[in-house]
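Here the working numbering is used: the sequence shown runs in plain steps of one and ends on residue 190.
Hints listed in this document are in silico derivations from the structure and should not be mistaken for laboratory results.
Certain hints may be false.
[Claimed, not checked] Here are the computed lysine to any residue pairs in the SDA-like style, where the Cα-Cα straight-line distance is at most 25 Å:
1. LYS35 with LEU95
2. LYS157 with PRO114
3. LYS98 with MET55
4. LYS32 with ALA57
5. LYS101 with MET54
Computed from a predicted structure; not experimentally measured.
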Amino acid sequence: MYIAEHACKNNKPFCMNLSAPFLCQFFKEPMMKAFPYVDILFGNEQEALVFSKEQEFGTENIEEIALQIQSLPKKNEKRPRIVIITQEENPIICATDGKITKYPATYVKAEEIVDTNGAGDAFVGGFLAQYIMKKPLDVCIRCGIYAATEVIKQSGCTLPEKSNFIE
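Model the full assembly from the supplied sequences, consistent with the hints where possible.
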C-alpha cells in the first residue's frame, strides 16, 4: 500500500492488472484495498467476468463491467480512472469519464499465431511505453495492440528487433 499511497500523494499514475481470474476470487480483500488508488486498470475478458461476479455487479456485459469498475471510489480525483479490457480478437474496451470507447483488435491469421503467452503483458508494456511519453489515449492503446499482435507471432514473450509501430 505504501507505493499506492505515495503515487496518490504525489499525483503519479498507479496502474494495476487484474492478472488472473483466481486473484479476483481468492485475494479479493487485498485487491480491493488497493483499488481506490488505481488510475489505470488492465484486464482481459475472463478476469473482468470473475471480478464482476466477485463484486456482485450483476452483469456479464463487458462494457457495463468496465463502466462499473471505472466508477468505483477513487482517492486521487486529479486523475480519471481508465479501465482497459482486452478480449482476444474482439475489440478492446476502454472506459473513462463514464464513457466506453472500442478499439478494434488487429486481425492475425491463425497460421501466424505461434504463442499467446505474454500477449496481455505486451499490451500493457506497449500502452505504458506511450503513456509515459504523454501520448493520447488512443495512441497508447494502439501501441498496446501492436505489441500484443507482434508477441503472439513469436515463441515466448518476444518482440521484433525493430518496432514498426506508427503513431
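Hints versus structure:
1. LYS35 with LEU95: This hinted pair holds, its Cα atoms lying about 19 Å apart.
2. LYS157 with PRO114: holds (23 Å)
3. LYS98 with MET55: Status holds; Cα separation ~13 Å.
4. LYS32 with ALA57: With a Cα-Cα distance of about 14 Å, the restraint between LYS32 and ALA57 holds, given a limit of 25 Å.
5. LYS101 with MET54: holds (22 Å)
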